[in-house]
Amino acid sequence: MPEQVKILFVDDEQKVLESLELVFRDTPIRLATSGDEALKILRAEEISVLVSDQRMPKMSGVELLREAKKISPHTIRILLTGYSDLEQVIDSINTGEVYRYINKPWDNAKLRETVQFAARMYEQQKELRDMSKGIKSSASTSANDTTIDSSIELLFVDKNYEHLRGLKETFSEMRPTHVTADVDEGYHLLETRPIGVVVSDVLLNGFDGADFLAAVKERFPDVVTIMMTSSKDSSVAVRLINEGQIFRYIVKPFPKEAMRSTIDEALRRYVLQKQQPSQNLKRQEQQVATAAVASTSSNSQSLSQLLEEVRQRLAEKKTY
Numbered sequence: 013m014p015e016q017v018k019i020l021f022v023d024d025e026q027k028v029l030e031s032l033e034l035v036f037r038d039t040p041i042r043l044a045t046s047g048d049e050a051l052k053i054l055r056a057e058e059i060s061v062l063v064s065d066q067r068m069p070k071m072s073g074v075e076l077l078r079e080a081k082k083i084s085p086h087t088i089r090i091l092l093t094g095y096s097d098l099e100q101v102i103d104s105i106n107t108g109e110v111y112r113y114i115n116k117p118w119d120n121a122k123l124r125e126t127v128q129f130a131a132r133m134y135e136q137q138k139e140l141r142d143m144s145k146g147i148k149s150s151a152s153t154s155a156n157d158t159t160i161d162s163s164i165e166l167l168f169v170d171k172n173y174e175h176l177r178g179l180k181e182t183f184s185e186m187r188p189t190h191v192t193a194d195v196d197e198g199y200h201l202l203e204t205r206p207i208g209v210v211v212s213d214v215l216l217n218g219f220d221g222a223d224f225l226a227a228v229k230e231r232f233p234d235v236v237t238i239m240m241t242s243s244k245d246s247s248v249a250v251r252l253i254n255e256g257q258i259f260r261y262i263v264k265p266f267p268k269e270a271m272r273s274t275i276d277e278a279l280r281r282y283v284l285q286k287q288q289p290s291q292n293l294k295r296q297e298q299q300v301a302t303a304a305v306a307s308t309s310s311n312s313q314s315l316s317q318l319l320e321e322v323r324q325r326l327a328e329k330k331t332y
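Residue numbering for the sequence shown follows the numbering used here, beginning at 13 and increasing consecutively.
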């Protein structure tokens, strides 16, 4: 790990911090026992990776990461917790606070690999930002400043045809909109059309929606992915953070205006990531990973082949 990398661990239990100090004894780290203490450190020092417990008095982990994002937006943020608080997990997805979600008790080796991987991503992002400083004076610097090209297309995948029909009616007047209940057709559209946002239900015909979106993100890292579901599931939500870098998690039924707003945010995110690759964590993750291991991916893979490869990678990966 580069010497300039610094990791900040936050937990209200001193014993947990002492344990983390042992695991990362050869790494420059800072320790904090509260959110307020952590924010003071972030204001004073450059922190590469922030790892916070979720359940803490006064300020929860998600609340801390939300504030940390404002102070140090490029710091990679990881949530460490001993339980699955579904509402907090979904909130962390929908506000973009978390890169990884790790349950206690953790595996020391896997935790260490995850934090080291995040630190390498931080360094790579920093290099990209430094390289682009002098050449993007006329480019947008935030999602709100981006101009959305009307040619960017949308894709909705759902086994409910009535729901698809409603989505088609809502969005087709704004931009080219594709709807399908067939994941293979959806994958073909992604390969052949300029799709910027994919919205998928969690339950598809013969497919797991979370697997599908993880595969989409692996093959098309710039595409912004959204999960919609009729029920809340903490295990699916955690997978969507750790495997798919999901942009939003939406629970049905939802108002049309809420979906319009979400799609607008997603389109802006897509444009921003295309303009500024350092903003795309999934792309940085892939580049860091392929720097260590040769990639075997092929652009001509079928969806079933891609799903098999993604599942194999997930089973073999050393990080969370």
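Hint data in this document are derived by calculation from the structure and do not stem from the laboratory. Among the hints, erroneous ones may be present.
Unchecked claim - Below 35 Å or equal to it, Euclidean Cα-Cα: the simulated DSBU-like pairs (lysine-lysine) are:
(1) K116 / K329
(2) K18 / K268
(3) K18 / K329
(4) K171 / K70
(5) K180 / K70
(6) K171 / K329
(7) K81 / K294
(8) K138 / K286
(9) K116 / K268
(10) K286 / K82
(11) K264 / K116
(12) K52 / K18
(13) K268 / K180
(14) K244 / K264
(15) K116 / K18
(16) K81 / K244
(17) K171 / K82
(18) K330 / K244
(19) K81 / K52
(20) K180 / K27
(21) K122 / K268
(22) K171 / K27
(23) K294 / K116
(24) K264 / K286
(25) K330 / K138
(26) K122 / K52
(27) K244 / K268
(28) K244 / K180
(29) K52 / K268
Said to hold, decoys possible - Simulated DEER-style distance windows between Cβ atoms:
(30) D234 / Q324: 45 to 55 Å
(31) N217 / E33: 41 to 51 Å
(32) K180 / Q317: 21 to 31 Å
(33) N106 / I160: 13 to 23 Å
(34) P188 / K264: 35 to 45 Å
(35) E33 / R205: 47 to 57 Å
(36) R37 / E139: 45 to 55 Å
(37) N217 / N106: 20 to 30 Å
Backbone N, C-alpha and C fix where the C-beta goes; we use that ideal spot for every residue, glycine too.
Legend entry - Hints violated by the structure (numbers, ascending): The structure conflicts with hints 2, 4, 5, 9, 17, 20, 21, 22, 29, 30, 34, 36, although it agrees with all the remaining ones.
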